Amino acid sequence: MLEKKKSFKTTISAMVGIAFILALVVLLENLSALLPNVPAIFQPTSQLFTVLKKGAVYSLVAVSMNLLNGFTGLFSLGQAGFMLLGAYTYAIFTVPMAAKDQVYYLYGGSAVKFSVTDLFQSFLGTGAASLICTVLVGLILAGLVAALFAALIGLPVLRLKSDYLAIATLGFAEILRAIFQWQTLGPVTNGANMIKSFPTFSDFNIENAQGVVTLRLSTLVPFVVVALCIVLIVLLINSSYGRAFKAIRDDEIAAEAMGVSLFKHKMMSFITSSFFAGVGGALFAMYVSNAQAKVFTSAMTYEILLIVVIGGIGSISGSVIGTFLYVACSEWWLRFLDAETYIGSFKVPLLRSGFRMVVFSVVIMIIVLFFSRGIMGDKELSFKGIGGLLSKCKKKKSAPAEEEGTV
Amino acid sequence: MQQLLSLEYIVSILLSGISLGGQLALIAIGYTMVYGILRLINFAHGDVFMVAGLLGIYITAAVPIYIAIPIVILITVALGFFIERAAYKPLRSAPRMSVMISAIGVSYLLQNTATYVTGGQPMTYPTIQLLNKTVNIAGTPIKLVVLLTPVLVLLLIVLLTQIINRTKIGMAMRAVSKDFETSRLMGIKVNTVISVTFVIGSALAAVGSILYFSTYPGITPTAGAMPGLKAFVAAVFGGIGSIPGAVIGAFLIGICETIIKGLPSAWDVSVFSDAFTFALLIIILTCKPTGLFGEKATDKV
Numbered sequence: 001m002l003e004k005k006k007s008f009k010t011t012i013s014a015m016v017g018i019a020f021i022l023a024l025v026v027l028l029e030n031l032s033a034l035l036p037n038v039p040a041i042f043q044p045t046s047q048l049f050t051v052l053k054k055g056a057v058y059s060l061v062a063v064s065m066n067l068l069n070g071f072t073g074l075f076s077l078g079q080a081g082f083m084l085l086g087a088y089t090y091a092i093f094t095v096p097m098a099a100k101d102q103v104y105y106l107y108g109g110s111a112v113k114f115s116v117t118d119l120f121q122s123f124l125g126t127g128a129a130s131l132i133c134t135v136l137v138g139l140i141l142a143g144l145v146a147a148l149f150a151a152l153i154g155l156p157v158l159r160l161k162s163d164y165l166a167i168a169t170l171g172f173a174e175i176l177r178a179i180f181q182w183q184t185l186g187p188v189t190n191g192a193n194m195i196k197s198f199p200t201f202s203d204f205n206i207e208n209a210q211g212v213v214t215l216r217l218s219t220l221v222p223f224v225v226v227a228l229c230i231v232l233i234v235l236l237i238n239s240s241y242g243r244a245f246k247a248i249r250d251d252e253i254a255a256e257a258m259g260v261s262l263f264k265h266k267m268m269s270f271i272t273s274s275f276f277a278g279v280g281g282a283l284f285a286m287y288v289s290n291a292q293a294k295v296f297t298s299a300m301t302y303e304i305l306l307i308v309v310i311g312g313i314g315s316i317s318g319s320v321i322g323t324f325l326y327v328a329c330s331e332w333w334l335r336f337l338d339a340e341t342y343i344g345s346f347k348v349p350l351l352r353s354g355f356r357m358v359v360f361s362v363v364i365m366i367i368v369l370f371f372s373r374g375i376m377g378d379k380e381l382s383f384k385g386i387g388g389l390l391s392k393c394k395k396k397k398s399a400p401a402e403e404e405g406t407v
Numbered sequence: 001m002q003q004l005l006s007l008e009y010i011v012s013i014l015l016s017g018i019s020l021g022g023q024l025a026l027i028a029i030g031y032t033m034v035y036g037i038l039r040l041i042n043f044a045h046g047d048v049f050m051v052a053g054l055l056g057i058y059i060t061a062a063v064p065i066y067i068a069i070p071i072v073i074l075i076t077v078a079l080g081f082f083i084e085r086a087a088y089k090p091l092r093s094a095p096r097m098s099v100m101i102s103a104i105g106v107s108y109l110l111q112n113t114a115t116y117v118t119g120g121q122p123m124t125y126p127t128i129q130l131l132n133k134t135v136n137i138a139g140t141p142i143k144l145v146v147l148l149t150p151v152l153v154l155l156l157i158v159l160l161t162q163i164i165n166r167t168k169i170g171m172a173m174r175a176v177s178k179d180f181e182t183s184r185l186m187g188i189k190v191n192t193v194i195s196v197t198f199v200i201g202s203a204l205a206a207v208g209s210i211l212y213f214s215t216y217p218g219i220t221p222t223a224g225a226m227p228g229l230k231a232f233v234a235a236v237f238g239g240i241g242s243i244p245g246a247v248i249g250a251f252l253i254g255i256c257e258t259i260i261k262g263l264p265s266a267w268d269v270s271v272f273s274d275a276f277t278f279a280l281l282i283i284i285l286t287c288k289p290t291g292l293f294g295e296k297a298t299d300k301v
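Top line first, the protein sequences correspond to chains P and D. FYI, our numbering numbers position 48 of the first sequence as 48, with every residue one higher than the one before it. FYI, our numbering numbers position 154 of the second sequence as 154, with every residue one higher than the one before it.
Calculated from the structure, these hints are not laboratory results. It should be emphasised that the depicted structure is a prediction, and the values quoted were computed from it without experimental measurement. Fair warning: there could be bad hints in the mix.
Said to hold, decoys possible - Okay, derived cross-link-like pairs now, DSSO-like style, lysine-lysine, Cα gap no bigger than 27 Å in a straight line:
{"id": "1", "chain 1": "D", "residue 1": "143", "chain 2": "P", "residue 2": "264"}
{"id": "2", "chain 1": "D", "residue 1": "288", "chain 2": "P", "residue 2": "161"}
{"id": "3", "chain 1": "D", "residue 1": "89", "chain 2": "P", "residue 2": "161"}
{"id": "4", "chain 1": "P", "residue 1": "113", "chain 2": "P", "residue 2": "294"}
{"id": "5", "chain 1": "D", "residue 1": "178", "chain 2": "D", "residue 2": "168"}
{"id": "6", "chain 1": "D", "residue 1": "261", "chain 2": "P", "residue 2": "294"}
{"id": "7", "chain 1": "D", "residue 1": "261", "chain 2": "D", "residue 2": "143"}
{"id": "8", "chain 1": "P", "residue 1": "161", "chain 2": "P", "residue 2": "100"}
{"id": "9", "chain 1": "P", "residue 1": "161", "chain 2": "D", "residue 2": "178"}
{"id": "10", "chain 1": "P", "residue 1": "246", "chain 2": "P", "residue 2": "379"}
{"id": "11", "chain 1": "D", "residue 1": "89", "chain 2": "D", "residue 2": "168"}
{"id": "12", "chain 1": "P", "residue 1": "246", "chain 2": "P", "residue 2": "264"}
{"id": "13", "chain 1": "P", "residue 1": "246", "chain 2": "P", "residue 2": "161"}
Claimed, not checked - Stretches of chain P that chain D covers, calculated by requiring three or more beta carbons in the stretch to come under 8 Å of a beta carbon on chain D:
{"id": "14", "segment": "163-171"}
{"id": "15", "segment": "176-189"}
{"id": "16", "segment": "349-357"}
{"id": "17", "segment": "361-369"}
As the list claims (entries may be wrong) - Part of the chain D face toward chain P, derived, beta carbon under 10 Å:
{"id": "18", "residue": "43"}
{"id": "19", "residue": "98"}
{"id": "20", "residue": "222"}
The beta carbon of each residue, even a glycine, is placed where N, CA and C say it ideally should be.
Bound-form chain D, shown alone (with noise of 0.2 Å):
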């Protein structure tokens, strides 16, 4: 007890909470906007992150860690569109539980492909020099990747508010999450649109890869299921299709797993710190389904 209240811990805790929470945040909004663009949960998503991630190491193995992190991004990005255009666009106009399947089934290409390219074995992230310095706060050694998540998921988050509300593709994002076929009407080009935030959501979702895959080194072909889902639950929490909603769902999740991860072992409780997402989920569903910041949609008969 007297080790769980001293303030190194406490420390240590939290900025790991606040870490993960920022990585999870870059993976939501891939989630929320898709969905709020969609009406899709691109269950492929989670994927795309674990490629990032594989490709992240097979790249820094042949050139400087500086261009691979550009290369990474690129490829992440052109991934995202190849899968739109070839998974979700032929299937526009069917029901939506078939493309909610379509995206079940790219999921299950990602993963396969990447066990036999992988082998099956347990790839190691290389270590980045810069993310991995330690600095000293409050007493307790913290990697620099620590402290540099949340200023960058920020940063990135401004920007994109930014590009949402400011600028023309902006406009029209809003406006096709709106109502797809008025904006359709209205000489919007919803095709472009759905790629350009296919190509936003897996750009984040790379530099998510990055950050989190410095912190948690160890890729296996699932290893995207599972911070996926959470990033899914995250939206879902903050109001899906609301970006801010998406972050603050993010960090909430990141820090209440961290913390629950650094409950005592005694109490054996640190199995429930994925179910605990999911039990989060139930309950906001059950309670306020719109999430925090969501609006509420009705069917029109």
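Next up, chain P with everything else stripped away, as it sits in the complex (with noise of 0.2 Å):
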């Protein structure tokens, strides 16, 4: 009795931090409509909104790839294969007919005679109903696909031990990428050329009649999406599957000894992570507006990976939290490290282009070397962690804080 009250007090102030969370991306969106004269930090064109969109997007990707490599222990870097596939398969599917000639202009038109786009403008109208479906319905696409794949190739891959799992979704991916970049295939995939004008992130800022934008939702649309798949990943890792995927993180033999289906459950820890890679896919796609296959590099699964270090290995919030920061750092906060500064008329020595990455690799070795257990270890984010560790401020006390389990 007393655990389901707990569990009810925490789910409901879960939510209650969702919704804090996406009223302030609303407010923090439109305060340039708000108010007259707004600091250029809130002006659409700021970096913030583009580190807000782009953390939404990687912390979707950071999470999936913690379930499958904090949670069950599987050691898998196909994560940007399998981001590929999603955002491939979201653009072929919802590229509107009437743009396909323009978009596949090399191979003389798609040879996909179909469009969500259309199928939904059909009996919808071009309204904000038929966008949402078309989007919601090519980003459920996008996972399946993601999902088939990894199943298909989850039967041979999952049968290895640690490194030579990591070495071969690592290959997986690059197979990927040489497929999706051949000219064959070309009226499907666009040879290596990017396909574009599908539905993006800035079509759902509501415009008046002349065309100007009076509501703005492009950075919300990410954080619903994306909370709403955190929220199905978490429910997962709490429910008796999820105790399952950390019996075989923590000892596959004893978890095999005690019951555990090893490959079952190896199956649907991977499968479920790769749906919502796929998923994180289609909105990489949709935040920059094309799909392209030479993106989706080892480079990005590495990325991902050192994300999901720095946010602590088998912590959701902590992903969340690392993503944030490293999207932060990485495209705004260290900025000013790659600019050739002057103070009077000394120049400040090392400052030019590419420095920035230099001193973030370090950051992040350092990270990785000394304090191995990231922002939040193996520990979640929650209200009485965090007024458990305020109190701890305030008293200098050396009493522990005591952390619950959810987001």
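Mind docking these for me? Both chains are given alone in their own frames, and the hints should help you get the complex.
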């Protein structure tokens, strides 16, 4: 009974937290419309919104990778491959029929004579309802295709042990990247060229008749989708399946002896993770407004892996915090390191293009070597945890802050 | 089709395949030795190879080539030694996954540093007169580097197997790769053995970089990643931990890749020259996970 009450309380607090974040995002984005003289940081072109959008997209991928690496102990490096599948599925099926000839002009039109966009527009009109349906169906399709490929590749690959699994999934992602750049598949994938003209985040901004944006929702959309996906992942982790995943992570042999079916649960974790990586890939395509195979390199997977490590392997909230920190540092806060700076007539040494990433990777190495638990370790963020931490700071007492397990 | 079957074409494809294979073999040995001892996929090895290439460019600009080559090898060795001490040694007792993450971090750091130093511009490897001479074989002009690579690779491998089988440090290496803990109890200085492994691996990668970049002279900060991964696949193919296995795997991958690249452009398959390597990897891992000459390891409960 007590257990139930507690979980009810954490559910409510998580929902309040998410609602608060979403409201904050809407407010931030529309601040420039509400108040006449806002600082440049709140203008719609500010880096802040780039960071928020990219951070939301990456946090979903990071959480999906954490589900696999941190909760199931499967060291997979195929995330970029599944993102690629998601991005291309979304792009191929949502480019409107009218735009297809122009996008695929090198191949004389697309081989896919079907578009989700036109399907919904035919009976919902061109309004918001059809846009929402198109994007939803597109995202789900993206996830399903990624999950299907995960099921196929999982059969042989999941029998492999730790580092062999890593290199096999990495190889799989590289194979996918080659296939999607193959000229022969051009009528479907547009070869090595990018696919464009599909619905993106900025299509969600509400405009009035004059074409002036009245309500900006382009940052809210990724946040809503990502929040929904992460809630689903958290529910899975807290279910009996999630406990089986953790048992496999902690000791495979003991878990098997306890009657946990290794293959079934590994497969389930792999497919779920790939599904959300696929959705993440589709969101990424929406964020950059194009789908192109050459960006989904193994370097992207490494980037996401490093995010997971920074946030803490085995912590969902850690992954999310880690992502926003990582994206903010790499896209925004460390930018000054790339600019040649003069103090008076003195030129600050070393500062020039590229220095940002050097500093950044040194910081990452320090985290990996000396703070291998990352920001959150395997704990989760909770109101009680924050409260405990605050009172600890106030009292300067060394009483350990008790942290409870939910977002 | 006529052109495909001509003797000149076949000879030139085969020779450049063997040459590429030899270059990959030099990198693959570094992977397989480190994996044999530390059970670590040293993701940074490909980037050490790339750094050796960049060093080659900068040092040959300052001093004559015959002085530059030993300096390049020395600095690369120092880099490999330093990476091991700084990034892998502190994690000796940590889970294997952490060490691998550390290796990925090092790779990220090396690539970003290379981008910073070169300013992101692709660099061109200097032409080494001796290696770029051409000779005629079966009516085809062949660069000397293509002929020299397999010979040099074989020499180095013979030397390496002699070191491993005949010397005290070689015996220590074999012992550590069999059982880490027990060899430590037997009084082997495990850290020294690991350092020597990294030194040998880096030296071979440096030699490999000179040969490889003489054939493919463009160097970008990510130029090491692909050859590195291919060399790793070669090591897995041959059975990881086995030096002859890695060499055979590397030659096979080198030859197959050049053949795929050499197929007529109408078939449009050259985009798969990299993907082929990974397909081979997945096939070998599912059919014979221990590779050609690998030993089967069983986990004790």
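Each hint tested on the structure:
Between residue 143(D) and residue 264(P), the direct Cα distance comes to roughly 54 Å. Violation of the 27 Å bound is thereby established for this hinted pair. Pair hint residue 288(D) plus residue 161(P) holds up; C-alpha atoms about 13 Å apart against a cutoff of 27 Å. Pair hint residue 89(D) plus residue 161(P) holds up; C-alpha atoms about 23 Å apart against a cutoff of 27 Å. Our distance criterion of 27 Å between C-alpha atoms is met by residue 113(P) and residue 294(P), whose separation comes to about 25 Å.
Proximity of residue 178(D) to residue 168(D) is assessed by CA-CA distance (about 15 Å); at most 27 Å being required, the pair is judged to hold. Pair hint residue 261(D) plus residue 294(P) holds up; C-alpha atoms about 19 Å apart against a cutoff of 27 Å. Between residue 261(D) and residue 143(D), the direct Cα distance comes to roughly 18 Å. Compliance with the 27 Å bound is thereby established for this hinted pair. This hinted pair does not check out: residue 161(P) and residue 100(P) have alpha carbons roughly 44 Å apart, beyond 27 Å.
This hinted pair checks out: residue 161(P) and residue 178(D) have alpha carbons roughly 19 Å apart, not beyond 27 Å. Distance check on the hinted pair: residue 246(P) and residue 379(P) sit about 14 Å apart at the alpha-carbon level, within 27 Å; holds. Using a Cα cut-off of 27 Å, the hinted pair residue 89(D) and residue 168(D) holds, with the two alpha carbons roughly 23 Å apart. Annotation: proposed proximity of residue 246(P) to residue 264(P) holds, straight-line Cα distance about 14 Å (limit 27 Å).
At most 27 Å may separate the alpha-carbon atoms for a hinted pair to count; residue 246(P) and residue 161(P) meet this at roughly 17 Å. Given a C-beta distance limit of less than 8 Å, the hint that chain D covers the segment 163-171 of chain P holds, as 7 residues qualify and 3 suffice. With a cut-off of 8 Å between beta carbons, the segment 176-189 of chain P has 7 residues touching chain D; three or more are needed, and the interface restraint holds. A stretch counts as covered by a chain when three or more of its residues have a beta carbon under 8 Å from one of that chain; for the segment 349-357 of chain P and chain D the count is 5, and the coverage holds.
As drawn, the segment 361-369 of chain P meets chain D at 6 residues by the rule of a beta-carbon pair under 8 Å; at three or more, the given contact holds. Here the hint on residue 43(D) is kept, as its CB sits about 8 Å from the closest CB of chain P, short of 10 Å. Satisfaction of the interface hint for residue 98(D) is found here, the shortest Cβ-Cβ separation to chain P being roughly 6 Å, below the 10 Å cut-off. Because the closest C-beta pair between residue 222(D) and chain P is about 7 Å apart, less than 10 Å, the hint holds.
The structure shown violates the earlier hints numbered 1 and 8.
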